[in-house]
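Visitor: Put the two chains together into one complex, using the hints given.
Chains as they are written, first to last, in my numbering: chain A, 815 to 1127; chain B, 6 to 278.
The reader is advised that the hints may include incorrect statements.
[To be verified] Result set (DSS-like, lysine-lysine): computed pairs, CA atoms no more than 25 Å apart in a straight line:
1. B:Lys271 with A:Lys819
2. B:Lys271 with B:Lys255
3. B:Lys271 with A:Lys1038
4. A:Lys1038 with A:Lys819
[To be verified] Simulated coverage check for chain A against chain B, where a stretch passes if three residues somewhere in it have a Cβ under 8 Å from a Cβ of chain B:
5. 930-938
6. 980-988
The hints are simulated quantities; they were obtained by calculation from the structure and are not laboratory data.
No experiment lies behind these values; they were computed from the predicted model shown.
Think of the CB as a built atom: it goes at the ideal place given N, C-alpha and C, for glycine as much as any other residue.
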Amino acid sequence: MAVRKPLYETGGNLREMDTTMVAQIVDQAVYQYSLSPSVALSVVSSGGSLSAITDTRKSAGAQSTSATAFPGEGTTQEPQTVTVSYDKVTETRTAGSPTADTGKTWPVYYNSSGQIQAMDLADVKDTFLHPAIDLLASGSTGTQQGGTYHVSTSASVSGSTEVSGSSTAIFQDTRADTGAYAAGSIPETQDQPTTITSYYLQRITGSQITYTEPYFLDGSNNIKEFTTAAFDSLLQEWMQYTAVSSGDGYSLSYNIGSSGSGNTRGSGMADTILDGSGNYQTRKVNDDDYRAQEFPNGSAQTAATYYLRIHKS
Amino acid sequence: MAARQITATQTLEDFRTEFNALSANDFGDIATLNAGLTATSVIGAVNELYAAIAGALSFTISDGSNTQTLVNANTLLFQGTANQITATVSATDKVTYALTEDVTIAGEFTASGTGTHTLGQISFASSTIASSGTEITINDDLTMAAAKTVTTPNIKGIGSNSLAVNSNLECFGFLYAENGLFLEGSTADGFETQLNVVDPTADRTILLPNEDGTIVTSGSSAVVTGTMIAADTVAEANMANDAIGQDQLKSVVTLQILNSSGAVVKTMFGAGA
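In isolation and in its complexed conformation, chain B is listed as follows (with noise of 0.2 Å):
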């Protein structure tokens, strides 16, 4: 709105036109005034108004139990100091909020938002934890409760801390144990199984059969029975020299050898028919 003016050109008309719409529009019509006004000029009003905003005029603020008023003249303070809120007040009439570096929530803390929250370089986005990071450490015990399951593709045990699981484990994908698996037992002690490969120079595959049974290591003794070995598989070389006697042959037969005496000089045992 530009501030009108009458040329030493113009007409009276132009005058007259120009002082009606100055009237009706630039100064507005006193008609509309607000009720609570009581001058009938500008300039009435305007010291009204002056004197209701340096006198009387105030606010309330509450964090809804409790309330303070301000009044004119009053300065509300958003002042915060280390583990508060810091209120940093910039024009025109703006406020901004901010957090120290270190803040301590005494209580619970949550956060609604479906958004990502972020931690450092922890993000919790929906159900989802992630990491700007290359990994997550956890660095104490993880407990699962129970019924709970653990689902990922990879679980990576760092120095000597231990990923203790009181239900099941399931690994859907390739188990890494670089220093074996240690299996407790049914007894908590201070003996483990360590169950772990010789360095392979390749890759291998050691398979375990799809049965029920006890697993054979070279520290058994007595323990192989006939049924685990596959019928016609134990070659010559098996045999340990000068060890098949008399009893691990069927129906077992004998031919002596006796000389002219009639002495025993040497038997042979064989199998049956």
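Okay, chain A solo, but in the shape it has when bound (with noise of 0.2 Å):
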């Protein structure tokens, strides 16, 4: 671990940052992430790389019929579970080529022989990359996770954009509309769901951050202070390619699931469905025709709970 001390320039002298400082930068890198993120979340129709997830409901089973007397319920089909699969979110990763360190790349501290030293990947990493890729990898879902997503149940969040851009769910929990069977209507469409909870994918916008620049080696040797769209620059490509090909443990990926590893992001999507053995009905139509069916009935239980998940690894 070597999180080092850049080097700025106060009064014509050169100072050590203090840990404010470097939070800033550390923040400014995640908000240059946010800008263009290199694990980027889409919407698709289906197909979807993350895994798919289910909505289940229950759906009336299918009418029985009796030319003589209404079919008893232990001959008339209970109810039937529907299962809709959502495979509406793909992960795309795109490292890029970042700057390679020449020795002179990164910005100057004071070593412990009291020498200015330009920093390298290694302290960079550990002074700003991988704090900021442990920002963006947190459950919380603020400006310092810009760039990456959560779930929320609302197509509009302050703060976030929606990922599809037509407000377009990656996941519906729906259950059967048992106010939609009559009776009198039997058979009934078996199948007639409503739709409980939208599941709505949406990126965290980042924020720009008032940072002191540090200063660096140019190529004469000389200390130098780094222009800020340079530095920027500097942490996005880093940012951008530690988040994909980070080999110490700081890459980030996607998952969906009712587990994984990761901190979940936003809202579970619940799965719910009606517990009820079946609402038997019956009709009779003439007295050739008697018929029966069993509508979804009982109460809301929750199948599963399925979770956006950011992971570092």
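Guide: Spelled out as structure tokens, the structure:
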């Protein structure tokens, strides 16, 4: 662990940044990442790369008929379970080609001997990149997680952007609409669902940070202040690369499921289903047409809850 | 004394009185005649004198050691030739001595008079030598005896002649040297140090400080010491570019700049506290 304190200029002197200043740069690294996330999620119609999740609901059983009497409950089909798969989220990873360390690429710091030394990539990782990745990979959904994703039951979330752009839900929890079934309409359409909750994929908007530009060594080995644009570019390149290709446990990935690795992001997507054993209903159409059908009934129970997770590995 | 005369109209008394006066005053009292004369009449005395003068009277000239008698009819000649005193005889009874134009005195010459002695334009008055010209030229080496002092408001050299002073040369006014001062040093040889100035275009003043020491010139090398430099006076412009090294810094401290591999890419030196 080699967290460095980059040098900055104050009053004509080079001074070590304090932890607040370093934290500001970390936040800026997050912001730069948020402008162009290298681990991106998109909403597709189907076949997304992330695991599919299922919505289950009850539908009415098939009707039973008789010419002499109402079919018994025991012989009438029980309500059925309808399963709908959602695989609408695809992860795209684009590492890019970050600027290689020339020996004088990164900010300078005072080493233990009081010398001014340029940070190497390991220092940069420990000081900026990995703390920024840690923020991104947290379970929070604030600006320090800019460029990462969360799930919301609302298509419009302040501080986030709905990913599909068309309010396309990535998961909908549906249940049988019990009010839609009527004995007088037997045979009722078996599957008469109603949407309980829709879930939307949101990307968190980052926040620009005002930070103190550190100093670095230029080509003539002079100590020079980074331009904001130059340092921002370095941060973005390496955040993008690290999030995709970190070889030391700081790459990001997403998964969806009822279980999985990483921190959950946003609302859990609950698959609820009615737990009744069936609402047995009959209809006499005429003396030769006796009908029976079991409608979904019961209380809503959560069959499963799925989460979007962000995982650092 | 006019000649006595008796006119025709005068009396005998007048004649007696005039005669007595003639006898007493004009011829004189015979009793007062010089005892060397034996004549008893005027004529007789005149004849006696003539005989004496024309006869044996003479006189002697002497230089104190040698004598020479000049007798009647001898002639004393005052005759000068070249390099001798010229005597000129003139009336009445006058001899004038004059030196010839060129006089050589084989021995010493002493003029004891306290007035002004003149040799050409050079005059000697008391202890003062002066010239009626503009200057006195000494056309040879001038040597002052030991412990003697030359006191003058001006000393001026002409041509290549030298002014050699074996002891002290003091000047209480200004010392002018058109071609500089040549300093022989401790060894009298062919090498001297010339002290000169660039031709001034205005009056200049260069002061030698009131202290012991050695003058530093543009030819000096590594002789100026730090103590000669006034404190806080060496300005940036006095420093040569790229000339100050770490050895010149007090309590030097170093600041190294390393690249990310730890290789030193630059070292900065600074003065310590």
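Visitor: Please flag the earlier hints that this structure goes against, numbers listed from lowest up.
Guide: Hint check: 6 fails alone, others pass.
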